[in-house]
Amino acid sequence: MIEATIGRDERFDPARTRGQGRADLFRSFRTAVALGWKMEANWTDPVLFFIYSVAKPLASALILVFMLQVIAGPAGQALRPFVIVGSALWSLVVSGIAGLAWAVLDDRERYRMLKYIYVSPSSFVVVLLGRGIARLAVGAMGAGITLAAGVLVLGVPFDPGAIDWPLLLAVLVLGLATISALGVVMAAICLQTRQDSWTYPEAVAGALFLVVGAVFPLSVLPDPLQLLGLLSPLTWWIAGIRQALFPGGPSSIGGTGSAWLRLSGEVNPNDLQIVLVLLATGAVVTLASAILFRVGEGRARDRGLIDRTTGS
Amino acid sequence: MTAPGAGQPRPALAAPVLPAFVGRPTAGPREAASWTPRQVIANNLRSVVGRAYPRIRGLTREPSWVLFEMLLPFLTTSSFVFVYRALDAPQAYIGFVVLGGAMTAFWLNVVWMMAAQLYWEKDQGNLELYFAAPMNVMSVLFGMAVGGLVMSSTRAAVVLLVATVVYGVTFSVSQWGLLIAVFILTLAALYGFGMMLASLFLMWGREAWHMTQLMIEPVYFVSGLNFPVGRLGLLGAVAIALIPLAVGLDAMRQLAFASTGVTGTPEPWIETLILVAMTVIFVGLARILLHSMEERARREGRLTVRWR
Chain Y
1 MIEATIGRDE RFDPARTRGQ GRADLFRSFR TAVALGWKME ANWTDPVLFF
51 IYSVAKPLAS ALILVFMLQV IAGPAGQALR PFVIVGSALW SLVVSGIAGL
101 AWAVLDDRER YRMLKYIYVS PSSFVVVLLG RGIARLAVGA MGAGITLAAG
151 VLVLGVPFDP GAIDWPLLLA VLVLGLATIS ALGVVMAAIC LQTRQDSWTY
201 PEAVAGALFL VVGAVFPLSV LPDPLQLLGL LSPLTWWIAG IRQALFPGGP
251 SSIGGTGSAW LRLSGEVNPN DLQIVLVLLA TGAVVTLASA ILFRVGEGRA
301 RDRGLIDRTT GS
Chain B
1 MTAPGAGQPR PALAAPVLPA FVGRPTAGPR EAASWTPRQV IANNLRSVVG
51 RAYPRIRGLT REPSWVLFEM LLPFLTTSSF VFVYRALDAP QAYIGFVVLG
101 GAMTAFWLNV VWMMAAQLYW EKDQGNLELY FAAPMNVMSV LFGMAVGGLV
151 MSSTRAAVVL LVATVVYGVT FSVSQWGLLI AVFILTLAAL YGFGMMLASL
201 FLMWGREAWH MTQLMIEPVY FVSGLNFPVG RLGLLGAVAI ALIPLAVGLD
251 AMRQLAFAST GVTGTPEPWI ETLILVAMTV IFVGLARILL HSMEERARRE
301 GRLTVRWR
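Just so you know, the sequences run in chain order Y and B. Residues in the first sequence are numbered from 1 upward in steps of one, following the working numbering. Residues in the second sequence are numbered from 1 upward in steps of one, following the working numbering.
It should be emphasised that the hints constitute simulated quantities derived from the structure, not laboratory data. Glycine included, C-beta positions come from ideal geometry on N, C-alpha and C. Be aware that one or more of the hints could be misleading.
[What the hints assert, rightly or not] If you want the footprint, here are the derived chain Y segments under chain B, 3+ residues with CB under 8 Å:
hint	segment
1	186 to 197
2	201 to 212
3	249 to 261
Taking the hints into account, I'd like the entire structure generated from these sequences.
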């Protein structure tokens, strides 16, 4: 019997336990993205899904447009591009930050599959990233449609020929990587907390909303908050996209009375400065997120939080 | 070998005593199952307390709640304050934002922890226990509402107090009694609305998740969270007629910032009557819908069907 077993084991290649490196990672990622997309979108008809995806970002933008309208009246028209771009981009940030955290909560508290995913040979963080990408895609769709509604319905002046494509591409790539890194941090936090943390990602995004100049220039904030904003990669991402889509428009970072003006001596940051600072701050956030996720994952494993279910 | 006692006459059965179930000795299960109105009420009150308990006690067991549910939402509210500051808006509008920010605590609680709660409970396997337990399921909903009120009141109070101090909001209250009545009625209507939605969400299944998303920012917009709802025209009027957040917030703004002379919406006393009507209708509908859902779920055997 033992001999027979040994005979069968001779066909087993121990190298298989080490996996196939990047090919395995890519397969896990691709599967997680597909799963996330199916969980998000395959249960309803496209029209209903479209309404669900677009209503939230569009309503957020409309709240700000009405605030402008109430106070500034027709003069507020000039500020609409600023507000609509910031609001649309912010819906993408919220989706990106929430996607990974909700994947943890969904799989642990609702479907109770997190423990099986965790012990599978797939990389845990890669699976979560894949799930988060699906929600990010839904957020991107909402952001795109909000921008389109801003141009077509709300009269935002937009010239496609004026888009600074290299800048747009650079800040988009760097920004999306940073948003995913923030999502990883939220996933690490939600691994530690109870089911009630469904609203935590939005709370974090709401707090960041204050310091990134999404819908008002940083110069109206007190100096400490302005400095905090300048350290956030999201500030530079939003400023970069705004600059790429509406070259020469008002900047959220610089301007009279801004900390940027006092620090650099320039009224507004130029394209290169935006990309370089986004790269630097994004790299710091990404590195920190990797460390925080590792620490959070280790703590969750030690304390048995990966298969915990809670309620209130 | 025979079993001990085999073949001997069986002793006469004594009357069973079931004090554990009814709190009094009874002659049999039938009598034990027949409860007096007082016992029914006491049992349902215990159910309310039992359902509220994890929410209230849970506040002390999850310290992260203080940061994520109290401090960060204050920063979100601050963002809208700075939008108005950037526009040099009158100070009263800062007050509108602060009041709206405080009321969002209750709305989020209603959406996440009332409307969607029975759906979560079904996913977790608790729903069948609720329906099987000898109590009225409405008492579970009341318990959820009481616990949720405590949770969200703390958040609302922090946002209101801190923002009032930090941003120098000044209230000019004309009728304190009516303001307090409107606040209480707004909460009653909001939680009645949440109880009604709980049954509907149970029916909608997986769409419940997306409905929660649809009921946050879009409702904030049509309710005029950060600006007078009257500026929305017909849309605002429809919101005042249908959404307790819209009518309650507008009435409170009119009463708490009386000197601003915000107009375009009904007088506060009319809005108070609307809130009374909403409370009665929503709680009544919640009762009917819950009963209907229970019947349907029992008939179709869907109480234990999860993840759909």
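Each hint, compared with the structure:
Coverage of the segment 186 to 197 of chain Y by chain B holds [criterion: at least 3 residues with CB-CB distance below 8 Å; count 7]. Only when three residues or more bring their CB closer than 8 Å to a CB of chain B does the claim for the segment 201 to 212 of chain Y stand; here the count is 6, and the claim holds. With a threshold of 8 Å between beta carbons, the proposed coverage of the segment 249 to 261 of chain Y by chain B is violated, since 0 of its residues qualify and at least three are required.
Violated hint for the displayed structure: number 3, the only one.
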